[in-house]
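A.B. asks: Given chain A's structure and the hints, the job is docking chains B, C and D onto it.
Protein chains in written order, with the working numbering: chain A, 6 to 393; chain B, 6 to 393; chain C, 49 to 401; chain D, 49 to 401.
In short, the hints are calculated from the structure, not lab data. Heads up, some of the hints might be wrong.
In the PhoX-like style, the derived pairs of lysine-lysine whose C-alpha atoms are separated by at most 25 Å in a straight line are [to be verified]: (1) B:K206 to B:K54; (2) A:K338 to B:K338; (3) A:K72 to A:K22; (4) C:K182 to C:K167; (5) A:K63 to A:K123; (6) D:K281 to B:K191; (7) C:K167 to B:K191; (8) A:K157 to A:K206; (9) C:K281 to D:K281; (10) B:K157 to B:K191; (11) B:K248 to B:K121; (12) A:K157 to A:K123; (13) A:K191 to C:K281; (14) A:K59 to A:K157; (15) B:K72 to B:K54; (16) B:K206 to B:K123; (17) A:K191 to D:K167; (18) A:K123 to A:K191.
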Amino acid sequence: MAYNFHFDPVDLPPEAKELRQEVRAFLRQEIEAGTFVPDSERAPFSVAKAFARKVGAKGWIGMTWPKQYGGHERSHLERYVVIEEMLAHRAPTRAYSTADRQSGPVILRYGQQEIKEKILPRIASGELCFCIGLSEPNSGSDVFAASTRATKTDGGWLVNGRKIWTSNAHNSDYMIALLRTSPPTKENRRHGLTQFLIACKSPGITIRPIINLTGGHDFNEIFFDDVFVPDAHLIGEVDMAWKQATDELAYERSGPDRWLETITALTELVRVAGPQPGEKLAEGIGREVAHLATLRRMSASVAGMLQAGKTPAVEAAVVKDLGTNWEQALPNKVRLMAPPRGDSEPDSNDDRFEQALRQTTLIAPKLTIQGGTREVLRGIIARGLGLR
Amino acid sequence: MAYNFHFDPVDLPPEAKELRQEVRAFLRQEIEAGTFVPDSERAPFSVAKAFARKVGAKGWIGMTWPKQYGGHERSHLERYVVIEEMLAHRAPTRAYSTADRQSGPVILRYGQQEIKEKILPRIASGELCFCIGLSEPNSGSDVFAASTRATKTDGGWLVNGRKIWTSNAHNSDYMIALLRTSPPTKENRRHGLTQFLIACKSPGITIRPIINLTGGHDFNEIFFDDVFVPDAHLIGEVDMAWKQATDELAYERSGPDRWLETITALTELVRVAGPQPGEKLAEGIGREVAHLATLRRMSASVAGMLQAGKTPAVEAAVVKDLGTNWEQALPNKVRLMAPPRGDSEPDSNDDRFEQALRQTTLIAPKLTIQGGTREVLRGIIARGLGLR
Amino acid sequence: MSDNIIVDTATRIFADLCEPQTINAAEEGRWPAELWNALEESGLTLAWVPDDLGGAGADMTDGFAVLRVAGRFAAPVPLAETLMAGWLLAQAGIGAPPGPMTVAPVHEDGNIHVGADGKLQGRARHIPFARKAKHIAVLAKKSGAPMVALVATEWLGIREGASLAGEPQDTVTFDGAIPISTGAAPAGLDPVALARLGAAMRTQQMAGALEHILDQSVQWSLDRVQFGRPIAKFQAVQHNLATLAGEVAAAGAAADGAAETIALEGPASERALLDVAVAKVRAGEAASSGAAIAHQVHGAMGFTYEHSLHHATRRLWAWREEFGNETLWAERLGRLIAEHGADELWPFITQGT
Amino acid sequence: MSDNIIVDTATRIFADLCEPQTINAAEEGRWPAELWNALEESGLTLAWVPDDLGGAGADMTDGFAVLRVAGRFAAPVPLAETLMAGWLLAQAGIGAPPGPMTVAPVHEDGNIHVGADGKLQGRARHIPFARKAKHIAVLAKKSGAPMVALVATEWLGIREGASLAGEPQDTVTFDGAIPISTGAAPAGLDPVALARLGAAMRTQQMAGALEHILDQSVQWSLDRVQFGRPIAKFQAVQHNLATLAGEVAAAGAAADGAAETIALEGPASERALLDVAVAKVRAGEAASSGAAIAHQVHGAMGFTYEHSLHHATRRLWAWREEFGNETLWAERLGRLIAEHGADELWPFITQGT
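Isolated chain A, as found in the complex (with noise of 0.2 Å):
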């Protein structure tokens, strides 16, 4: 039978349904306090780093790590509870979350001891942030392709090249860098790439940055020059990053930030709409609210059978190519259902319904890119039904 992925039924536990409400109460009065407004996208890094270490201290950040690298033991569930209410409240995770998402999951599980002691506390309590060194400017969607090369010398490795599209390396203290350590082979064109650790500050590192059409600077490019790497940092096997890359993807293909993105714009409508809107508006909200519902649940669903211990790579690629899809076409919608705006209508200087679709159709276009085309998760989606 094709049909040979599955979403498990969601039941969310008692203690997360109490952390939700948790969550809730820890950002009203964070907002409350002044300390973020709403809006993750544009908030200063000084504000991201703050709020970091606040999550850390309420034990928020690698969540489900094991106790003794700085973890809490808790459930997918519960950090997934988290995770959607930071997003829903569009507070600035930034300084933190792909440490959390991903760089520390790979740390933990292919990491050496050492660095797994010094770093992972580190990263739990909201202190470091890093980033992602994956695309080179040769090297887009096809990782494997990769040519910015680490060559052994003593003690360590020493890294030349590029790196491209890398989010927040200009705020990040480290970077997990997919390197290339011998050439591919024959049988196997994504053999030779290793995984490292590299502090964003070792000498050699230069960063440029590269503003984005909003006029936002999350992009850099990364340019490596003898950059020295100890053996410490190596993660995994030399030549075999392929290997390690698959399993992470889950946790990163069907997370709540897939579908959440845009949510702003559905939610200002709601507020424009009122309480009672027409035949046409209450359609089209219904129609949003539906797939906003069935994202949520299928998301869920795969945090949930992360904890049952399964691996629901298609899921969440899945999740992620259905998520991203919607939440870009989005903005869209929410402009063609908007009631019209013309000269009758007060000017204003706190426009949140204006703010929120320029926001969302601006940042719209890259939902579809951003780690992992669609052209790649249609591939694996393929590739899961058996067709290639």
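C.D. replies: Relative to chain A, chains B, C and D alone:
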């Protein structure tokens, strides 16, 4: 510059505008006289046959062909107007439309003199019905994989094999078939196919009806068992059909039959909506009319370019791709726009809207398959853009 | 009874007795007696009737799971309708008779009355399988109070119609009919709540049919050779099937949500409205886009009557419309969200979980 | 003047003086003086002003064709607005001053009045390039009759705003402003008709921008190598670009229809409503889906500020909203169709041709 295709402005000459009125008057008269009911899909073939002769008598078949072969030497734009009026009135054209659109032009261009003189006037009079023998069980979209073979024999050819999805074969007098006369060459996999004119009543032909999911009979499977085809029925050069196949497609691809197949769903929705529809319904109708009007302009533009001696092959593929996708999606959009119809509604035996919606919903799937699938068309456009 | 036993039983019965020919024959009006009898003997048809009223007394979730299987097989019998009728009768403490049943009304504006003389008045449109049912469970009103009535079909006026799938969909006139029995329905059980249950059931059937067309399309793409290779190897086909897989998964997840909530708290609650609306809207969209992809992948073959693809796709087209289409449910859902307001959107969606 | 000379002139000017850096600088507020001066010297900015009022007296279709080119180059100057202002002034027999202009109002519910004292009253939102314009051509009312007024911008209250493309889009307060000159507008020329002209102009610019992103995307796909070959060789990319090509062609055809009709009979007729509505709806849809495809093909590179793709796509997002978005025009169009009725749908669409 990649944008290397172009739609000329449309300027229908006065004679075409007059002709439109003439055609409308004729059709109204025929409908009033009960010659046909506006429901082309379901008219019995006898009705279609009688209608073909009337249209032939009007001079509206083979309109652009030389008078010497029964044609009328009128412009492509005049022909265009006649065709779109026929379709818009859902007149039963199927006893002559294939011959008028495809088979006649092929015979005119590549047929032998004797055949042109014998066959074309009988097409133009509405006497002859044609079908096209292209697909085979193991070659659907890939027409150049055809394996039904014609072997040279004394005074003609012997045909053996099978054709499938042949529309209207059970009602046709002749078929133009694409047959294998040599194997393909290494350099050119399209080599080795030849076009023939075959009388459908020839000994050795067996026709098996294929009922479609609407319960209707349009498709057939055709078995050839040593069917003799005289030399005079060879069309064009032996083994060289691939050179002949491309030109004629512009005629076929951009016609109003590529975007008017489900128009009745929209028309009946406008009827249900009444003169003062609500906001939602008005918007929905307007959106579809915008597509319809644009498609019509593009389709007429291709007719004008044909008239001007151009070969708008890519433009024709664009019209068909846009047109068939639009007409395929239309019934579902109409369904979702329609006012709800619960228990408060009266029952009716003559619910035109409901009937139109059902019929168009059922036929929709075939619209992006027949006569060149969506995939084939997009490949043609991609080639036109220089991508392959 | 465990989930698995019930579902496995149903799967075995359908696999044995619901062949494509059976479905075609049913469209021509031949009652699939063998299939129906097997379902009835297994107790599946009265799964939602408590033991003490003569039924199997299964969990509602089991019944929903069986409907998923029935949808996968395009079962041409009123299994959903009989389940629903049994449930409705049980709400009023009425035992379920044997044989196929259906329910009325199916529309939210349903308007059937029990007169002072105990006779029914009213007409209901689009009643699935009415002419094949022995009995109809009717949700009516008597002096403004909801009332359930069991009526034998033989006394009713039936105007035959058919769904897009060729299944019976009839207009039933109740005027003057004398119920076999009647009982007061619990407060809150009105045609609106009944339509929610119906919508949740159809959503399960749709999810099953979608799973089936995904299987069928994947298999076809692996078998069908064009341009020298299986069409599964073309990127455009792969992307189409990946998209179909997403729609199938979404419909299934949404359907599960509605089923769980109704099993937990019945169809009358606000949360049932939320989850049923989400499910019928999302599954309806999946039905439309999913059926289109399956047909595109199947090409001309899928448009023939002899290929079985249309058993699933025509049902998907019919079911997306039954018990309220996407437009109707989206509007309900949008009004509910608007009432609660922007700041409650997220808490509202995450309620319960 | 022939079509070609005007269009060729415009193309040459833009190719020389409208580089990506010029467009970025304009977003930072630097006025592209060289570009504007060249356009003005060539007479293009007053193409729609008759000779006797000091303009170039070109055909309206020529002006529309120039806007197509301007859209292709994302020209960061109020060329459309100055053309439109010149046209509006000419309707009232007022000669056009040199320098950049814009028009007000842009909304159908625009509400600017000329008082008994000859002074203006009212406020207009979303006025493109107001702060960069020397003059504004205002369509106002005086005692209920339409009136055109020419006002110098320096006397007006301007609240700065920006479109999604980073172009000026300001709120202008006219209260108490004294016009340089006024003239009666012809009957039928109201904010509704004016918005039609504006919509037709934006549609041309959108069609041009779409042509550009198709070119850009095709070229990028041929140059960009992934998985060992140009991405143009992937079927998914080919299908995306084929779809984009269809959208581009449709937007262009629809835009041409609106331009022809307005050139023939002005913006006030019923047919102008039909053709402008068709154009703005269809081009708006093409803008949304076309820009999405162009970005998908370009990947991360297209999301950067340093790549020029956003010059076109951000303008497409802004323009689809200006002078009425798809929703507004679709509703107008639907009402028009409904008024005429089902049997007139086809004759109505084929009127004129």
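A.B. asks: Now tell me, hint by hint, if it's right for this structure.
C.D. replies: Status of the hints after comparison with the structure:
{"no.": "1", "hint": "B:K206 to B:K54", "verdict": "17 Å, holds"}
{"no.": "2", "hint": "A:K338 to B:K338", "verdict": "16 Å, holds"}
{"no.": "3", "hint": "A:K72 to A:K22", "verdict": "22 Å, holds"}
{"no.": "4", "hint": "C:K182 to C:K167", "verdict": "19 Å, holds"}
{"no.": "5", "hint": "A:K63 to A:K123", "verdict": "20 Å, holds"}
{"no.": "6", "hint": "D:K281 to B:K191", "verdict": "22 Å, holds"}
{"no.": "7", "hint": "C:K167 to B:K191", "verdict": "82 Å, violated"}
{"no.": "8", "hint": "A:K157 to A:K206", "verdict": "20 Å, holds"}
{"no.": "9", "hint": "C:K281 to D:K281", "verdict": "15 Å, holds"}
{"no.": "10", "hint": "B:K157 to B:K191", "verdict": "23 Å, holds"}
{"no.": "11", "hint": "B:K248 to B:K121", "verdict": "20 Å, holds"}
{"no.": "12", "hint": "A:K157 to A:K123", "verdict": "23 Å, holds"}
{"no.": "13", "hint": "A:K191 to C:K281", "verdict": "22 Å, holds"}
{"no.": "14", "hint": "A:K59 to A:K157", "verdict": "40 Å, violated"}
{"no.": "15", "hint": "B:K72 to B:K54", "verdict": "23 Å, holds"}
{"no.": "16", "hint": "B:K206 to B:K123", "verdict": "17 Å, holds"}
{"no.": "17", "hint": "A:K191 to D:K167", "verdict": "82 Å, violated"}
{"no.": "18", "hint": "A:K123 to A:K191", "verdict": "38 Å, violated"}
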